[in-house]
Amino acid sequence: MNGGGILQVQGHPLSLKTLLYLCQGSGLLATVRLQGQPRHTLTFAAFSNISQKRRKLYNYEILTQSPLLQTSLLGSIRNKFTKSRIPNAIFEERSKEHDRYGGDPIQPHKLHIVIRVKSTKRRPYWEKKLIKDLGLEKGRIPVVHKNTPAVNNLLKYVKHLVSIQPLKTPYGLPAEEDMADSYINSKGELIVRRLLKPIEPMAIES
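When you line the sequence shown up against my numbering, it's residues 1 to 206, in that order.
Derived from the structure by calculation, the hints contain no laboratory data. All figures in this text were calculated on a predicted structure; none of them were measured in a lab. Mixed in with the good hints, there may be bad ones.
Unchecked claim - For lysine to any residue, the following SDA-like pairs were computed, each having C-alpha atoms within a straight-line distance of at most 20 Å:
| hint | residue 1 | residue 2 |
| --- | --- | --- |
| 1 | K187 | P124 |
| 2 | K146 | P105 |
| 3 | K159 | P124 |
| 4 | K146 | E189 |
| 5 | K187 | P201 |
| 6 | K118 | Y171 |
Stated by the list, open to error - The following label-pair restraints were derived from C-beta to C-beta distances:
| hint | residue 1 | residue 2 | range |
| --- | --- | --- | --- |
| 7 | K128 | E177 | 44 to 52 Å |
| 8 | P87 | K110 | 23 to 31 Å |
| 9 | K159 | P201 | 50 to 58 Å |
| 10 | H160 | S186 | 38 to 46 Å |
| 11 | N153 | I106 | 18 to 26 Å |
| 12 | E176 | P149 | 25 to 33 Å |
Beta carbons: idealized from backbone N, C-alpha and C, even for Gly.
With the sequences and hints as input, model every part of the structure.
Structure, rendered in structure tokens:
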């Protein structure tokens with residue numbers, strides 16, 4: 001704490017006017033000591049009522065241990081260019097969501113079908129970077145990703161821009177030679193067109 005109307009909050013100097021503006025209406029107690037007078041415990045609202053003329057005549061010192069002043073007041077102000085801090089509790093699994101979206105928590109699907117359904121214009125730079133890293137720069141084109149915690153941790157920040165559904169494999173996974181003729185239909189199913197192998201000629205015994 002410093003005298004002369006300047007308060008240090010984690011290295012940031014705050015003037016008395018700024019301090020009173022941030023703490024206006026909070027009702028927090030502050031211990032104020034004017035030069036030549038004993039200490040007085042009063043609220044910030046009462047301290048703001050002290051006339052400006054008296055403040056110039058006497059030096060004052062704010063001696064408070066309020067929890068609000070021990071934290072960074074400047075850091076709590078949200079900046080529109082900073083990354084939002086989303087609590088992890090929002091992304092925790094809920095049993096009712098499995099029933100709603102048809103997921104199985106015991107045997108989850110192995111692959112995602114991710115489609116970008118909204119534009120990235122006027123979106124933050126970190127969302128544009130994630131869209132690029134996930135290969136979703138072209139809209140309305142399905143991209144297959146693994147259902148792993150690392151991939152899901154990236155998808156949760158752009159879930160409002162994409163559509164995610166499980167990849168269904170009613171015919172199983174295709175072989176390497178069948179990859180070229182396989183496709184994903186509108187129901188999210190992987191249709192495999194298997195190549196017919198020629199029948200080996202059988203030797204005719206005479």
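So, going through the hints one by one against the coordinates:
1. K187 - P124: 32 Å, violated
2. K146 - P105: 16 Å, holds
3. K159 - P124: 14 Å, holds
4. K146 - E189: 16 Å, holds
5. K187 - P201: This hinted pair is violated, its Cα atoms lying about 40 Å apart.
6. K118 - Y171: 31 Å, violated
7. K128 - E177: 44 to 52 Å: Cβ of K128 to Cβ of E177: about 38 Å, so the range 44 to 52 Å is violated.
8. P87 - K110: 23 to 31 Å: Holds - the Cβ-Cβ distance for P87 and K110, about 28 Å, lies within 23 to 31 Å.
9. K159 - P201: 50 to 58 Å: 56 Å, holds
10. H160 - S186: 38 to 46 Å: 22 Å, violated
11. N153 - I106: 18 to 26 Å: Cβ of N153 to Cβ of I106: about 22 Å, so the range 18 to 26 Å holds.
12. E176 - P149: 25 to 33 Å: 28 Å, holds
Of the numbered hints given earlier, the model fails hints 1, 5, 6, 7, 10; all others are met.
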